[in-house]
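J.: Now for the letters of each chain:
6 protein chains.
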Amino acid sequence: MKYGARNKLTAKVTSVKKGDVMALVKFQVIDPGEMASVLTTESVDDLGLKPGDEVQLFIKAIHVLPVKE
Amino acid sequence: MKYGARNKLTAKVTSVKKGDVMALVKFQVIDPGEMASVLTTESVDDLGLKPGDEVQLFIKAIHVLPVKE
Amino acid sequence: MKYGARNKLTAKVTSVKKGDVMALVKFQVIDPGEMASVLTTESVDDLGLKPGDEVQLFIKAIHVLPVKE
Amino acid sequence: MKYGARNKLTAKVTSVKKGDVMALVKFQVIDPGEMASVLTTESVDDLGLKPGDEVQLFIKAIHVLPVKE
Amino acid sequence: MKYGARNKLTAKVTSVKKGDVMALVKFQVIDPGEMASVLTTESVDDLGLKPGDEVQLFIKAIHVLPVKE
Amino acid sequence: MKYGARNKLTAKVTSVKKGDVMALVKFQVIDPGEMASVLTTESVDDLGLKPGDEVQLFIKAIHVLPVKE
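Residue numbers (my numbering), protein chains in the order written: chain A, 1100 to 1168; chain B, 1100 to 1168; chain C, 1100 to 1168; chain D, 1100 to 1168; chain E, 1100 to 1168; chain F, 1100 to 1168.
These aren't lab readings, by the way, just hints derived from the structure by calculation.
There could be a bad hint or two in this list.
Put simply, identical chains are the same to the list, so a pair is met inside one copy or across any two.
Stated by the list, open to error - Taking lysine to aspartate or glutamate pairs in the EDC-like style, the calculated list, with each CA pair at most 16 Å apart, reads:
id, residue 1, residue 2
1, Lys1111, Glu1168
2, Lys1101, Asp1130
3, Lys1101, Glu1168
As the structure is a prediction and not an experimental result, all values here were calculated from the model.
Next comes chain A alone, as it looks inside the complex (with noise of 0.2 Å):
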């Protein structure tokens, strides 16, 4: 299979919390590897990324999406 997002990690699931409606699942990732982001080139300048630079990746958790097989 092959998927059209560019960030893939496998994790094992560590909780499940089940609400009425929503629910929140834990995972550890066994093996980060790469991630990829998106945004305007205008938000690259403003931060000024550039190789080498240490920066925080926030994902809201409603973004990710778990695959099983």
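Following the hints, position chains B, C, D, E and F against chain A.
T.: Same frame as chain A, now just chains B, C, D, E and F:
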């Protein structure tokens, strides 16, 4: 600073590709740590997610927000 | 009215499940018509997407915005 | 494979437009089937959504994830 | 028209930058009014959010949907 | 701190509603300022967006990320 996002990864910029409006930036994750996903309880039951399961986590690059000191 | 979103489907509500904060609403699509996806050119090349290819389109329910007259 | 997304449509690629960083791909939906939306219960009450209502569903193209065998 | 989104701002276009596939449009907000955020209860507890707190609200431009009469 | 998001609003928390998994937090915007949207160039042409146009900007609450000092 405290952020309203469950996922926070420390990473190093490895490449920057600037387009006319959007840019694609790649990172090497330094400390993977924990990840979280919010999805419908229905999806959790569909996938039968439980602690110990190995999954793939897909995240479209547009949803990754870099923050730089 | 004109909308800044490429995907517009006409649908009929089939069920409504209201939770404490979030709700899950289901619909039967009446006229499917055309769909569009924006992804990185890198992903398109990775998938080798070309006219005629059959694919699955995945959309998290949180990204579906209902509008009612 | 099982996916943590409620919406899955089978579709055929009709056009591919590749830009410097992002690409716009269009599809013809083959089997529309059911769609689901997650929104606040407040929004559901605001819209007065109930089975039988006809609505428009808007989805920004960035949120559509193609997967190809 | 009624929309399944909690945040609605009236604004005036100030600039339009069209790229090969994506465009960046800027606006001046006319009537700011109220904003709403949905996040995990865990995040709310983490941030210790309570009435009266001053915060910064970050929204990636991709998530802003313009609608024109 | 510099953020890879084009939209930054200063706001004051007005209410917090905590659910089992998700929470809905409301704010009063203090300084509205400028907003930005990224959408396909096709959408911009469809809407005929040009400086001076008045529009409504819709943002689902899930896409609003609060940050607290």
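J.: If a hint holds in the structure, say so; if it doesn't, say that too.
T.: Verification of the hints:
no.: 1; hint: Lys1111 / Glu1168; result: within (13 Å within a copy, 24 Å between copies)
no.: 2; hint: Lys1101 / Asp1130; result: neither (18 Å within a copy, 21 Å between copies)
no.: 3; hint: Lys1101 / Glu1168; result: both (14 Å within a copy, 6 Å between copies)
Comparing the model with each earlier hint shows a violation of hint 2 alone; every other hint is respected.
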